[in-house]
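4 protein chains.
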Amino acid sequence: MIIVMKKGASDAQLAEVKKRISELGYQSHVIHGETRNVVGAVGDERGKEILQSLEVLPGVENVVPILKPFKLASREIRAEPSCFELAPGVMIGGDALVVMAGPCAVESEEQLLSAAIAVKAAGATVLRGGAFKPRSSPYSFQGLEEEGLKLLDRVRSVTGLPIVTEVVNPRDVELVGRYADIMQVGARNVQNFALLKMLGQLGKPVLLKRGMSTTIQEFLMSAEYILSEGNQRVVLCERGIRTFETATRNTLDISAVPVLKELSHLPVIIDPSHATGHASLVAPMSYAAVAAGADGLIIEVHPHPELASCDGPQSLRPEDFALVMAKLREYAVVAGRKL
Amino acid sequence: MIIVMKKGASDAQLAEVKKRISELGYQSHVIHGETRNVVGAVGDERGKEILQSLEVLPGVENVVPILKPFKLASREIRAEPSCFELAPGVMIGGDALVVMAGPCAVESEEQLLSAAIAVKAAGATVLRGGAFKPRSSPYSFQGLEEEGLKLLDRVRSVTGLPIVTEVVNPRDVELVGRYADIMQVGARNVQNFALLKMLGQLGKPVLLKRGMSTTIQEFLMSAEYILSEGNQRVVLCERGIRTFETATRNTLDISAVPVLKELSHLPVIIDPSHATGHASLVAPMSYAAVAAGADGLIIEVHPHPELASCDGPQSLRPEDFALVMAKLREYAVVAGRKL
Amino acid sequence: MIIVMKKGASDAQLAEVKKRISELGYQSHVIHGETRNVVGAVGDERGKEILQSLEVLPGVENVVPILKPFKLASREIRAEPSCFELAPGVMIGGDALVVMAGPCAVESEEQLLSAAIAVKAAGATVLRGGAFKPRSSPYSFQGLEEEGLKLLDRVRSVTGLPIVTEVVNPRDVELVGRYADIMQVGARNVQNFALLKMLGQLGKPVLLKRGMSTTIQEFLMSAEYILSEGNQRVVLCERGIRTFETATRNTLDISAVPVLKELSHLPVIIDPSHATGHASLVAPMSYAAVAAGADGLIIEVHPHPELASCDGPQSLRPEDFALVMAKLREYAVVAGRKL
Amino acid sequence: MIIVMKKGASDAQLAEVKKRISELGYQSHVIHGETRNVVGAVGDERGKEILQSLEVLPGVENVVPILKPFKLASREIRAEPSCFELAPGVMIGGDALVVMAGPCAVESEEQLLSAAIAVKAAGATVLRGGAFKPRSSPYSFQGLEEEGLKLLDRVRSVTGLPIVTEVVNPRDVELVGRYADIMQVGARNVQNFALLKMLGQLGKPVLLKRGMSTTIQEFLMSAEYILSEGNQRVVLCERGIRTFETATRNTLDISAVPVLKELSHLPVIIDPSHATGHASLVAPMSYAAVAAGADGLIIEVHPHPELASCDGPQSLRPEDFALVMAKLREYAVVAGRKL
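Residue numbers (the working numbering), protein chains in the order written: chain A, 1 to 339; chain B, 1 to 339; chain C, 1 to 339; chain D, 1 to 339.
Hints were generated in silico from the structure; no laboratory data involved.
We treat Cβ as the ideally placed atom computed from N, Cα and C, and that holds for glycine.
Hints should not be assumed to be uniformly reliable.
[Stated by the list, open to error] Cut-off 20 Å, straight-line C-alpha distance, at most; resulting in silico cross-link-like pairs (EDC-like, lysine to aspartate or glutamate):
id, chain 1, residue 1, chain 2, residue 2
1, B, 7, D, 262
2, B, 327, C, 95
3, B, 197, A, 172
4, C, 18, D, 306
5, B, 6, D, 262
6, C, 197, C, 174
7, C, 7, A, 262
8, B, 7, D, 80
9, D, 68, B, 55
10, A, 18, C, 34
11, D, 327, A, 330
12, B, 19, B, 61
13, C, 71, A, 61
14, B, 18, D, 34
15, C, 197, D, 145
16, B, 7, D, 76
17, C, 71, A, 330
18, B, 48, D, 61
19, C, 7, A, 80
20, D, 197, C, 172
21, B, 6, D, 80
22, C, 68, A, 34
23, A, 6, B, 306
24, B, 68, D, 55
25, A, 19, B, 61
26, C, 6, A, 262
27, C, 19, D, 306
28, B, 204, B, 153
29, D, 197, C, 34
[What the hints assert, rightly or not] Cβ-Cβ distance ranges computed for the label pairs, FRET-style:
id, chain 1, residue 1, chain 2, residue 2, range
30, A, 323, D, 8, 43 to 53 Å
31, A, 323, B, 78, 49 to 59 Å
32, B, 150, A, 160, 45 to 55 Å
33, C, 147, D, 81, 39 to 49 Å
34, D, 77, C, 95, 55 to 65 Å
35, C, 333, B, 88, 31 to 41 Å
36, D, 113, A, 75, 35 to 45 Å
37, C, 177, D, 175, 53 to 63 Å
Given the sequences, and given the hints that come with them, work out the whole structure.
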């Protein structure tokens with residue numbers, strides 16, 4: 001932390017700041033500038049947040065943090081990218097790209113099975129499908145809940161595809177954990193810390209989606225909640241952030257891929273469906289994601305988008321998904337990856 | 001819903017859209033424009049979201065919703081402002097402004113009692129204090145949990161001030177409900193729908209904070225989750241939204257007060273502490289809130305902000321809070337309110 | 001500037017950073033931390049931006065500016081609020097609030113005169129009206145240009161109200177300067193530096209509107225362009241920033257008032273009309289502005305909003321404006337101001 | 001335009017709306033809904049904006065535009081992508097990708113020539129370099145102005161590379177036009193309509209950068225200003241928008257590429273340097289841009305980024321630029337383009 005003193009702050013005010021820093025267990029180093037002094041506080045970084053409160057002392061202009069508050073997620077702890085198993089035979093973070101695909105919501109066995117067979121044929125290695133749907137409106141379809149989980153289980157046994165599905169309530173972690181291979185945390189729950197802690201304890205791989213207005217730093221702090229409970233298998237997913245632009249459902253922050261990879265060893269995937277909200281934009285954003293260095297994608301595919309109970313406008317038809325996968329394979333080669 | 005056809009869309013495409021609208025249970029009305037046609041879908045408004053999926057049909061340019069999706073929260077259901085009891089003797093939504101005040105986090109009995117006595121003396125009628133603290137970092141102070149609730153209970157019995165405190169986990173609703181007079185939903189949980197439903201069932205008054213990137217419409221939909229479970233006592237709280245500006249912690253969207261009051265009958269309060277992040281900005285934003293028509297305020301007050309375990313920079317000292325309250329009384333008179 | 005070294009940066013990398021700082025004319029002070037070192041650069045603040053480029057040196061993690069880059073606009077140069085004359089008899093920045101009012105665009109003599117008489121009767125002391133209109137669409141009404149300026153002049157001679165009107169092209173500064181008492185810079189031109197410099201040289205009072213996505217710091221830097229040319233009469237105007245919220249045309253950042261007043265000595269006014277985009281929100285936001293400490297307001301008033309060539313939805317009818325002014329007088333008293 | 005009536009609006013109010021629509025030269029079509037009526041206004045689309053003012057009429061809830069206000073820039077006018085000459089031998093919008101590269105600011109002949117030789121060798125076909133620099137601070141380097149233009153001219157004659165350079169003042173259009181092959185409009189001037197009109201008249205190709213908070217629709221309206229003056233050679237450039245995220249200088253809205261290409265026939269390029277602000281992010285964002293369908297790139301290259309007078313942190317060294325170009329060639333092949 002750097003404590004910036006006001007121009008003209010008195011010696012007594014400076015001394016008080018130094019005394020407080022010392023009381024909080026840190027050492028202070030003063031830099032005497034031309035128009036004002038700044039004080040660096042040196043010591044264990046984890047608790048430094050408490051120093052922020054020094055801002056209220058007389059003579060202090062502001063307090064500037066200079067370090068990242070995440071540890072276990074950072075490259076400083078682990079210089080090499082993490083590569084781990086999502087399900088038997090499905091590794092993420094290594095050479096092979098992982099494409100997860102399927103409908104937004106599980107609607108029926110027929111719908112889910114049809115989607116699963118199609119996405120598997122096209123090369124997807126994980127099936128997505130929501131059984132618990134967090135919806136803005138209480139009057140919208142809320143998901144089939146446990147019945148949906150059972151359908152996912154049945155389709156997994158038919159197709160062999162492992163399952164990623166969302167859990168929204170800490171109470172349901174155990175239930176969803178009985179069915180899912182990968183536990184998904186949706187954008188709205190990225191700071192649902194009770195949920196994150198339980199997933200840290202559960203130990204199954206977690207697909208953590210960035211929230212609509214979550215900064216990169218906050219996103220990694222949310223991952224840190226899971227990691228600090230002992231679960232190292234966290235996949236970060238950029239799915240668009242909220243901005244002033246309304247031409248797309250969200251704004252896909254594709255630079256988050258290299259930024260996250262510079263700061264963290266965790267694998268990063270992209271959700272072009274929620275990011276854009278329009279099926280016609282899914283292909284170009286998928287290609288861009290791979291070119292930017294993403295470790296995978298999660299894409300919505302529905303046998304009949306015009307009948308989808310949710311997110312129809314952003315769902316690909318199976319035949320279009322197959323075309324995207326074929327082109328993705330070419331991009332993967334240039335990116336030095338396999339698909 | 002208005003379905004806008006592309007310029008040059010064929011008659012067959014238009015016919016297909018009309019057929020789908022009809023299958024979904026709505027009537028279609030076509031307006032033939034100079035360069036394109038638009039189709040209005042008429043019928044029960046609640047389920048209209050499903051019409052959005054028609055966007056994927058050939059010849060459709062886009063689908064434009066024209067109605068608000070909330071019902072119970074709206075002025076159309078209830079033209080008069082809601083006025084209800086938060087705790088015995090404390091009404092909100094009527095003539096009297098409600099000021100809730102106290103520390104960000106419950107830290108100790110001494111700290112809480114000292115704050116409570118001071119804010120009561122200055123005219124606050126509800127005590128705030130967090131026992132469960134959702135923190136961005138797993139290494140930050142997470143709150144005293146049930147011990148904190150017990151301290152709140154004890155201080156309530158000494159001072160007589162009813163208590164508002166946050167619940168972050170659906171699992172804790174029953175526990176927090178045993179202690180709190182008013183259940184607070186924090187900004188990060190504004191779309192934690194499982195939590196909202198449980199609070200709808202619990203029936204205690206709910207203080208619902210707007211999320212950092214929640215639109216006015218989504219905010220009212222979250223209120224709708226509580227209302228539709230049968231709990232009509234929801235207080236909306238604007239606490240700043242996330243924007244590009246970094247001079248303040250968030251950007252206080254004070255125009256949300258009159259906007260919410262035009263759309264909804266629910267009472268609206270302002271949290272100037274979290275909105276601004278700086279103690280020096282709390283007074284002017286409190287005055288502005290009352291002038292804009294807010295029904296109350298929730299303000300952070302700490303006996304020693306420089307020692308606060310969280311949010312020190314935005315906490316008022318008791319003596320400064322008293323000055324704010326004195327001035328607020330003058331503004332309340334002009335606004336036609338009492339304090 | 002604080003140059004933060006990477007964890008594990010070598011001594012040679014640190015030495016290189018120190019050498020570069022020295023070559024650029026600054027002194028370096030190293031703070032040796034537990035996990036990394038930081039280097040403070042001390043010296044004349046104005047040119048420090050150049051130090052930002054040190055970020056590309058090996059071993060440097062990032063470069064953190066700790067000082068504000070504006071000087072003449074700051075409280076450090078002038079501790080007391082600036083108070084100056086906008087036109088004979090109209091002071092801003094002192095006890096008296098200044099309300100500027102009138103139509104968005106000058107449309108006809110009848111329209112302008114009718115508006116001017118009404119706003120004067122209600123207590124406005126400056127007449128607003130656009131002759132050059134920057135419009136998003138080339139197909140929208142672009143203003144009456146010089147003919148509009150002549151109408152403003154004529155109405156000024158009838159009513160005695162001084163005139164604020166916008167200049168959008170550096171080429172027109174001299175022309176507009178012949179007619180206007182106060183030169184307005186619109187939101188789209190807040191970083192039109194050529195225009196700002198010319199207005200700095202012209203010397204007439206300038207009403208500088210904040211841009212849609214201008215930070216407080218950038219806003220003050222734009223003021224600095226005018227001040228550094230020798231013109232000290234700059235009025236800052238907050239008129240709403242662009243955010244994700246669409247319920248209002250922009251989001252009025254009312255906390256910008258006390259923030260600007262802490263950082264700068266310049267007067268600050270609010271434009272509730274452009275900020276909200278809806279006439280029904282103008283009254284509450286005007287009251288809030290005064291309560292927050294604004295030095296004045298600029299409000300759109302049109303004799304027939306439903307016929308306005310631009311911004312009809314946000315224009316007040318004269319009779320509504322009179323009611324707003326009456327109430328504003330009461331708020332002004334509480335705020336310690338006159339109107 | 002769709003005029004949405006309030007629930008319970010009277011027949012007289014509906015009649016008044018219909019009368020006004022008729023007076024403005026449009027036909028009205030009423031759809032009678034279950035809870036409210038909506039009125040469609042049919043007629044020439046260009047002037048429809050005026051209908052927005054009907055929002056102030058009693059009984060009107062809001063007015064919803066359903067059409068895009070741009071014409072000449074749209075795919076409806078021209079279904080095929082525009083392909084045109086930027087300079088002799090340099091086409092944009094066709095098979096060949098165009099890479100523009102060079103320093104942010106022209107600093108000296110040595111610097112510019114060194115950069116130009118390097119970027120040409122690596123495959124760039126246009127040289128960029130700023131002579132007029134719009135800077136947030138009046139104390140920052142403002143560019144060499146005409147001297148810079150002359151240096152650009154000299155380096156062009158040596159290397160044969162055509163020049164793109166920024167014009168910031170309408171007054172300088174003629175001057176810059178004497179030297180530049182392509183006239184650049186910077187992000188801050190995207191709504192400097194006087195400048196846009198003059199560039200429309202000048203007729204040289206225009207590189208139009210999106211502003212920091214310009215919507216896609218506003219961006220195309222700015223292009224429309226140039227097109228409607230008769231100049232059809234407009235290149236759109238996405239260079240990052242302003243959001244809450246601070247890890248990057250701006251947020252690169254890469255989905256703007258396919259969105260713009262769906263709506264418009266104009267070529268679209270990406271500026272990964274300004275978008276990200278960090279040299280290490282330029283390569284992945286360049287690859288992503290090509291994969292997303294961009295027609296080209298504009299990249300900052302400086303022989304000595306650590307000495308750059310501006311934007312050093314985001315400038316590539318020549319050797320790194322050459323590596324990026326080599327990889328871009330591989331991506332171009334997959335994207336069906338040449339480089």
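Checked hints:
1. B:7 to D:262: With Cα atoms ~14 Å apart, residue 7 of chain B and residue 262 of chain D stay inside 20 Å; holds.
2. B:327 to C:95: holds (18 Å)
3. B:197 to A:172: holds (15 Å)
4. C:18 to D:306: Given pair residue 18 of chain C, residue 306 of chain D holds - Cα atoms ~13 Å apart, limit 20 Å.
5. B:6 to D:262: holds (13 Å)
6. C:197 to C:174: Roughly 13 Å separates the two Cα atoms, so the pair holds.
7. C:7 to A:262: holds (14 Å)
8. B:7 to D:80: The given pair, whose Cα atoms are some 16 Å apart, holds under the 20 Å limit.
9. D:68 to B:55: holds (17 Å)
10. A:18 to C:34: Roughly 18 Å separates the two Cα atoms, so the pair holds.
11. D:327 to A:330: The given pair, whose Cα atoms are some 14 Å apart, holds under the 20 Å limit.
12. B:19 to B:61: holds (17 Å)
13. C:71 to A:61: holds (16 Å)
14. B:18 to D:34: Given pair residue 18 of chain B, residue 34 of chain D holds - Cα atoms ~18 Å apart, limit 20 Å.
15. C:197 to D:145: Holds, because 16 Å separates the two Cα atoms, which is no more than 20 Å.
16. B:7 to D:76: Roughly 7 Å separates the two Cα atoms, so the pair holds.
17. C:71 to A:330: Violated, at about 55 Å.
18. B:48 to D:61: holds (19 Å)
19. C:7 to A:80: Roughly 16 Å separates the two Cα atoms, so the pair holds.
20. D:197 to C:172: holds (15 Å)
21. B:6 to D:80: Measuring from Cα to Cα gives roughly 17 Å; hence the hint holds.
22. C:68 to A:34: Answer holds: residue 68 of chain C to residue 34 of chain A is near 14 Å, not above 20 Å.
23. A:6 to B:306: The hint holds at about 17 Å.
24. B:68 to D:55: holds (17 Å)
25. A:19 to B:61: violated (66 Å)
26. C:6 to A:262: holds (13 Å)
27. C:19 to D:306: holds (12 Å)
28. B:204 to B:153: Holds, because 16 Å separates the two Cα atoms, which is no more than 20 Å.
29. D:197 to C:34: The given pair, whose Cα atoms are some 58 Å apart, is violated under the 20 Å limit.
30. A:323 to D:8: 43 to 53 Å: Holds, since residue 323 of chain A and residue 8 of chain D (Cβ atoms, about 51 Å apart) stay within the stated range.
31. A:323 to B:78: 49 to 59 Å: Holds: the Cβ-Cβ distance is about 52 Å, inside 49 to 59 Å.
32. B:150 to A:160: 45 to 55 Å: Holds, since residue 150 of chain B and residue 160 of chain A (Cβ atoms, about 53 Å apart) stay within the stated range.
33. C:147 to D:81: 39 to 49 Å: holds (42 Å)
34. D:77 to C:95: 55 to 65 Å: holds (58 Å)
35. C:333 to B:88: 31 to 41 Å: holds (36 Å)
36. D:113 to A:75: 35 to 45 Å: The hinted range 35 to 45 Å holds for residue 113 of chain D and residue 75 of chain A, with Cβ atoms some 39 Å apart.
37. C:177 to D:175: 53 to 63 Å: violated (24 Å)
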